[in-house]
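K.L.:
Can you make the complete structure from the sequences, with help from the hints?
2 protein chains.
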Amino acid sequence: MKLHRLNEKQLIRAIREEFRGPHPGLALGIGDDAAVIKTRGANFVITKDLLIEDVHFILRHHPPWLLGRKSLNVNMSDLAAMGAFPKYALLGLGLPKRSETKWVREFFTGFKSAAKEFGVSLIGGDITRAQKVTISVTLLGEGKNIVRRGGAKLEDQLFVSGPLGEAREGLLLLKKGIRLGKNRQQNRMLRAFLDPKPRIKLGRELSRLNLASAMIDISDGLSVDLAHMCEESDCGAEVYLDKLPVSPELKALQRRAYDFALNGGEDYQLLFSVSDTKLAALSKLNNEFGLYKIGRIIEQKGIFVVDRPGRRKKLHPNPWHHF
Amino acid sequence: MKLHRLNEKQLIRAIREEFRGPHPGLALGIGDDAAVIKTRGANFVITKDLLIEDVHFILRHHPPWLLGRKSLNVNMSDLAAMGAFPKYALLGLGLPKRSETKWVREFFTGFKSAAKEFGVSLIGGDITRAQKVTISVTLLGEGKNIVRRGGAKLEDQLFVSGPLGEAREGLLLLKKGIRLGKNRQQNRMLRAFLDPKPRIKLGRELSRLNLASAMIDISDGLSVDLAHMCEESDCGAEVYLDKLPVSPELKALQRRAYDFALNGGEDYQLLFSVSDTKLAALSKLNNEFGLYKIGRIIEQKGIFVVDRPGRRKKLHPNPWHHF
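Here the protein sequences come in this chain order: A and B. Reminder that position 263 of the first sequence reads as 263 in our numbering, one-by-one numbering, no gaps. Reminder that position 96 of the second sequence reads as 419 in our numbering, one-by-one numbering, no gaps.
No wet-lab data here; the hints were simulated from the structure. Treat the hints with care, since some could be wrong.
Claimed, not checked - Among the chain A residues that face chain B by a calculated CB cut under 10 Å, a handful are: (1) Ala27; (2) Ala35; (3) Leu50; (4) Ile123.
Where is the CB? At the ideal position from N, CA and C, for every residue including glycine.
P.N.:
Dropping the structure here:
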């Protein structure tokens, strides 16, 4: 069934049913002019992302339920990078006339599965006509010890929370027409792009234990997001090329694996800085989360890459445009 | 200058500068992964709207600064209808390559002027490429005595807060190529569509004095929004045709003035129900706000229009699609 047969009211009713509570702290959810949250003196942390067809995703690449998950999860990743945990989501959805209700249903199933994983309630939003599928998520969370981008200090060590460059390889495979299937290596890359995992638990632990001096999620690529952190912290950074977490799978598939790790976007790993005095405490998280020390904060402005023989090269932030 | 010459970072820096504080209650604003609000045990009220070029507005019709104002003000209107007052806004903006920085600047000037009128702080958002200008606003406010849609009671009187049907006439004029100019009557209609005024103060007063049993803002048209209120309140309503606030200016310009008042959208007036016991208290607000009694709540489901000779006709909600 095409969407113009299903009116907005029916759709909202279905969504309201699908996302029914109980939602602790929520005084009023979907269905009125606005949602109401009862607060209890905490910090509310809010983020918002706009995802647009043919700019951020290609419909025929992205199974709708994975797109539903990703729409919420990229916002989750922003909260993870603040050391906050997510609680309430609002979804604005612009849908072309050509949209199939089956697609919309699967999108919501995915959105819901991601919400459920972290106990997030969908509390409101807006559905409207659009020329391209337009997804606008607002995510609210709570946090006590907020970790900002601008707190990195001289000689802090730099860590990332997992393999880099795989989402970019995944996108490359999609563009070549390769889809999720039987090839384990390819599936890993495709999943990195189609279904990234926000590092909520790690972000919370780092915040709770006060271990990270600065933190950001890697959405635009290490070179870009590390530059953001350094700018806000008024410092520079050195990255050790051979310490970058580049998986054997990525190396097997892609000659430019290290370039992808430095400049590929959408990995949604956390990048954070840690003072030497806290390395012992951090090492206790290593078993659960698998952390990679990739460099350190230096005084000289700019980002520098150091290779095994010790050669040092300035890295220019290289923002990644998908399509 | 075309927008692709101005990168997102520069643009965000300019916006950050433009919307600099102080912002009471805000712990962290634009520039990190998320914004942080310190709460004090109040109700947070949240709404979100998506406005898309050629669906909700036509670029050549809408001066950018008025579009900036309207983007925020339609969300203000949702909070007004809850009896809440607005505090923090997040703006997601999708911009085509063809966008001129002059346009973007003027849009933000308008957004800021609307924000300033009600003391709203812009605390975050997202700027991205899009095929069509895509505006996604999230607005947070606070409210004590929240007024819902579903509280209307049998025999309550129905009120609206100002003239109806003018925004639709304004849009009609725009489509005919008529712009803001010297004609006072036409300007009034054009302004109703291009620069609607959210009834924040009235909404707050009704909430503070506990006068309205139910409230909604008229964005889709009286027939549609009254039907929403009645459905949520499990009742019906009668509307007296000759009591509808239809201005002499609209009557002079438009033969179908009463049809426009019933079915035209985007007036952003408040529609609310009041119990007989509170009419005396309500009348004290009449001087400041200009309220119009247009009907009453009845037991029989459905919306009925009663004309001067007392003929009663069922009104079918007639949602309004702009373009």
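K.L.:
All hints are to be evaluated individually against the structure, with a verdict given for each.
P.N.:
Consistency of the hints with the structure:
For Ala27 (chain A), the interface hint holds, the least distance from its beta-carbon to any beta-carbon of chain B being 6 Å, beneath 10 Å. Restraint check, Ala35 (chain A) versus chain B: the minimum CB separation of about 5 Å is within 10 Å; hint holds. The beta carbon of Leu50 (chain A) is positioned within 10 Å of a beta carbon in chain B (closest approach about 4 Å), and the interface hint is therefore held. At about 7 Å, the closest approach between the beta carbon of Ile123 (chain A) and any beta carbon in chain B falls short of 10 Å, and the interface hint on this residue holds.
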